[in-house]
Amino acid sequence: MSLPFLEVAALEVSFGAGAQAVRAVRGVSFAVQRGESFGLVGESGSGKSTILRALVGLNPASGGSMRVDGVELGMTRDKALRRRMQMVFQDPYGSLHPRQTVDSQLSEALRIQSLADGERRIRTILDQVGLGPRFRFRYPHQLSGGQRQRVAIARALIVEPEILLLDEPTSALDVSVQAEVLNLLMALRQERNLTYIFVSHDLSVIATMCGRLAVMQSGAIVEELSASQLRDRHTTTDYARTLLAASEGYRPQG
Amino acid sequence: MSDTLPWRARLLSGEYASRREASLARFYLGWLALRRSPAAMAGLLIVGLLILTAILAPWIAPYHPDVQALDRALQPPSAAHWFGTDEFGRDVFSRIVWGARVTLYIVLLVAALAAPVGLLVGCVAGYLGGWVEVVLMRLTDIALAFPRLVLALAFTAALGPGLEHAVIAIALTGWPPYARIARAETLTLRRSDFIAAIRLLGGSSSRIVLKHIVPLCLPSLLVRATLDMAGVILIAAGLGFLGLGAQPPTAEWGAMLSSGRDYLLSAWWAATFPGLAIFIVSMGFNLLGDGLRDVLDPKHA
Amino acid sequence: MNPLLQVEDLDVRFATPMGLVHAVRGVGFTMGREKLAIVGESGSGKSVTGRALMGLVAPPGRVSAHRLDFDGIALADAGPVAFRRLRGKRIGLVMQDPKFSLNPVQRIGEQISETLRLHTGLSSAAARSRSMAMLEAVRISDPERVYRAYPHELSGGMAQRAMLSMMLVAEPDLLIADEPTSALDVTVQLEILSILDEQIRLRGMGLIFISHDLRLVSRFCDRVLVMYAGRVVETIAAADLAHAKHPYTQGLYRCLPNLDRPGEKLPVLNRDPAWLTA
Ligand SMILES: Nc1ncnc2c1ncn2[C@@H]1O[C@H](COP(=O)(O)OP(=O)(O)OP(=O)(O)O)[C@@H](O)[C@H]1O
Ligand SMILES: Nc1ncnc2c1ncn2[C@@H]1O[C@H](COP(=O)(O)OP(=O)(O)OP(=O)(O)O)[C@@H](O)[C@H]1O
Ligand SMILES: [Mg+2]
Ligand SMILES: [Mg+2]
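Protein chains in written order, with the working numbering: chain F, 1 to 254; chain U, 1001 to 1301; chain V, 2001 to 2278.
Careful, some of the hints might be misleading.
[What the hints assert, rightly or not] Beta-carbon label-pair distances, calculated as ranges:
id : chain 1 : residue 1 : chain 2 : residue 2 : range
1  : V       : Asn-2002  : U       : Ser-1018  : 57 to 65 Å
2  : U       : Tyr-1028  : F       : Gln-190   : 54 to 62 Å
3  : U       : Tyr-1028  : V       : Asn-2002  : 48 to 56 Å
4  : U       : Tyr-1028  : V       : Ala-2133  : 29 to 37 Å
5  : V       : Asn-2270  : U       : Arg-1008  : 55 to 63 Å
6  : U       : Ser-1204  : F       : Glu-160   : 16 to 24 Å
7  : V       : Tyr-2150  : U       : Gly-1231  : 47 to 55 Å
8  : F       : Gln-20    : V       : Ala-2133  : 35 to 43 Å
9  : V       : Gly-2079  : U       : Tyr-1263  : 51 to 59 Å
10 : U       : Tyr-1263  : V       : Val-2105  : 27 to 35 Å
[To be verified] In silico negatives: residues of chain F with every beta carbon more than 10 Å from chain V:
id : residue
11 : Gly-35
12 : Ser-65
13 : Thr-76
14 : Ala-179
15 : Arg-192
16 : Leu-230
17 : Arg-231
Please keep in mind that the hints were generated in silico from the structure rather than gathered at the bench. Please read all numbers here as calculations on a predicted model, not as lab measurements. Just so it is clear, CB atoms sit at the ideal spot from N, CA and C, and this is done for glycine as well.
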């Protein structure tokens, strides 16, 4: 077996200190191969977002290690390392600068990374995420939720990362837009051989997008399984079983 | 008419062809919103008039503002001297017109000194947090604790009276409120995802503060600065009144008010017209500030 | 018993410089103490409808209604004062965007207690314990910590539940919940729904549940209004949602990803101009 492309080992993240400390992530380990799409599901507050934020260096890790392609990820990272891994946030309303046009947010990304040929890159990426040149000079408030999420995806992809971390990229979107965004993400991954870590609370979304997934509960991974195991309902832990049963839908008691 | 339509329609369509057009459209929409408020338009008119008067003073003023003609002292308003003359026979109207320059100078200088300092201190403190924030905000509190007029008095007493010293003193005591506003705004922004997105693209802290946070704090600061201008004019007038601001014979409204006061009973015009000018211009800034707040800062509306 | 809410011909327009946006066009429904869902694609006017029922449509927007009666109180032509008296106390609104609606620089607990004290005049100690109990009720495992936390210290789902508890403490007669569970995983989602259910059964609260999750709605709610471009295109019993007649509703239902059909391209909605007038 080849060396995993992305490797997280015994990761710990705590907030605060002393008796009040919150251990949001407790000894999480997983490995993802290049080009794979790895899902993270779990209850609300179980530390999914925190893991992604630790991976991109927005939260400090208090223990364990994270590696990409054999390179250890610390708190200080140079631009080249940052470029390899980008993130799409959960909330398309909060993740775009409210007073900048789509164009200036994309060109800012290029400027920070000192990438040449901006004009062509912007046009290409807007095309790829299915937003024509018509949207290029709009402000976020002139876009719908789904369009904003596409801009956020475009901003992450324009610097040509190898790994994309997606934090519930469709939970704020309605079903028809969700379908569009998921289709887009599937196509982009094939086209660019991207590696995804995909957080969602929706098992059917995960089953659509990912080959393998980990189930989290209060900061730890309680189970790892493949999409086909999920489909066959081959779960070993109680929590995963509850999750599966629950995603069949709500049934009022009595 | 018909040939003005295309560009208007284009700006309003929400679909722009270039960066320039997008920012132009933003200004245009703001302008349309401002135009809906009569109070704001009145304020804009007054401030515009002040600026025009200051620029065109040599052409508007019928007399030289400083040349004395003691034989015509304290004449009441007439066709020759619209606002009458003061105790040295100088034309009050001409002095008010030239005084607009001094007032504008003070206002612009204070705005150019105090607002950027406050903005930067507040944004840096708010964004970086930790000990930087503690130190900067303590400094702000200290500066805020000084009574404005007293500090200005002390300052001009030490350096000698003069317009520049008065302005510096006003600016020195003027920045802390801006720092506080900027910090409060920054605190609500620093955790947001769009700032995080720039950090993980590799943007440095200085880039984030200068290019992404400062522009978002600017509107509320601009509003506050405009509202403050009224106060600045009054303080400058107060210093002039106490003889610590502009020095004679410079035509400054506060100083004119002060010297006219001695003749209030016999020659009401010498003090009344400068007083009116101060009142109208500070009101103009206030109205404009209120209007800008509704346009730029909808959450306060 | 007279109905809790009666709406006839609700219209909301926004006069923008780009022209008139007709966001809600002649929406009407009557509801009792039941669970009514509003579904529809993004921009179809669900949130604006919810805000209009609260009298919360901001100035460029104009609301008109032939009839808007809440528990026998005519609100159609009433001024803002009439709404203010009901808002928060008798009608609650959970906004779509919890992180955006919570004050980022105030602690969660203070925000909840403040709401509570505003509407009930409880002492601060009593408000505190009630708030804590409410946080516990929405299945927040360590309410002590969350009470002291700032919004950015919460996960997406926790913020959503904090927002919900802020609305529930005032014990409203009608709760308008705009996508209240979109950031929650299914297990918690179900628990939240059973709390809402409990409130409806015990206190006879009415619930307007705005959502884009058709599967959830079909199982949880009693009736569903399907909105498209500001209009109600179909009103249907929730249980029949899977067999809806309108092609738009069918289309929305088909867009859902399926646990058992992974990896394939999802169908997307093809909009038919005829729906605008139907
Ligand atoms: N900055 C912070 N300070 C203190 N605690 C935090 C902070 N960020 C997250 N936490 C805590 O860490 C835990 C995990 O949060 P996280 O956002 O990772 O959850 P999540 O799995 O993404 O949940 P959700 O599905 O609701 O978004 C929560 O208990 C949260 O309160
Ligand atoms: N203040 C406003 N000015 C102009 N148009 C507005 C305003 N608020 C809402 N609209 C428009 O009204 C329409 C309905 O918006 P609404 O927020 O109700 O959609 P929604 O159904 O809640 O969608 P989503 O599922 O994305 O939340 C949209 O087309 C929107 O652009
Ligand atoms: Mg999360
Ligand atoms: Mg909405």
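To see whether the hints hold, each was checked on the structure:
1. V:Asn-2002 - U:Ser-1018: 57 to 65 Å: Cβ of Asn-2002 of chain V to Cβ of Ser-1018 of chain U: about 59 Å, so the range 57 to 65 Å holds.
2. U:Tyr-1028 - F:Gln-190: 54 to 62 Å: This hint is violated: roughly 43 Å between Cβ atoms.
3. U:Tyr-1028 - V:Asn-2002: 48 to 56 Å: About 50 Å separates the Cβ atoms of Tyr-1028 of chain U and Asn-2002 of chain V, which means 48 to 56 Å holds.
4. U:Tyr-1028 - V:Ala-2133: 29 to 37 Å: Roughly 52 Å apart at Cβ, these two residues miss the hinted range, so it is violated.
5. V:Asn-2270 - U:Arg-1008: 55 to 63 Å: 35 Å, violated
6. U:Ser-1204 - F:Glu-160: 16 to 24 Å: 21 Å, holds
7. V:Tyr-2150 - U:Gly-1231: 47 to 55 Å: 34 Å, violated
8. F:Gln-20 - V:Ala-2133: 35 to 43 Å: 22 Å, violated
9. V:Gly-2079 - U:Tyr-1263: 51 to 59 Å: Roughly 54 Å apart at Cβ, these two residues keep to the hinted range, so it holds.
10. U:Tyr-1263 - V:Val-2105: 27 to 35 Å: Once the Cβ atoms are compared, 54 Å apart, the range 27 to 35 Å for Val-2105 of chain V and Tyr-1263 of chain U is violated.
11. Gly-35: Non-interface label on Gly-35 of chain F holds, nearest chain V Cβ at 14 Å vs cutoff 10 Å.
12. Ser-65: Check passes; 24 Å lies beyond 10 Å.
13. Thr-76: 23 Å, holds
14. Ala-179: Per Cβ check, Ala-179 of chain F is inside 10 Å of chain V; nearest 4 Å; violated.
15. Arg-192: Given a closest Cβ separation of 17 Å, the condition holds.
16. Leu-230: Label violated. Min Cβ-Cβ 7 Å, cutoff 10 Å.
17. Arg-231: Non-interface label on Arg-231 of chain F violated, nearest chain V Cβ at 6 Å vs cutoff 10 Å.
In summary, the numbered hints that this structure violates are 2, 4, 5, 7, 8, 10, 14, 16 and 17.
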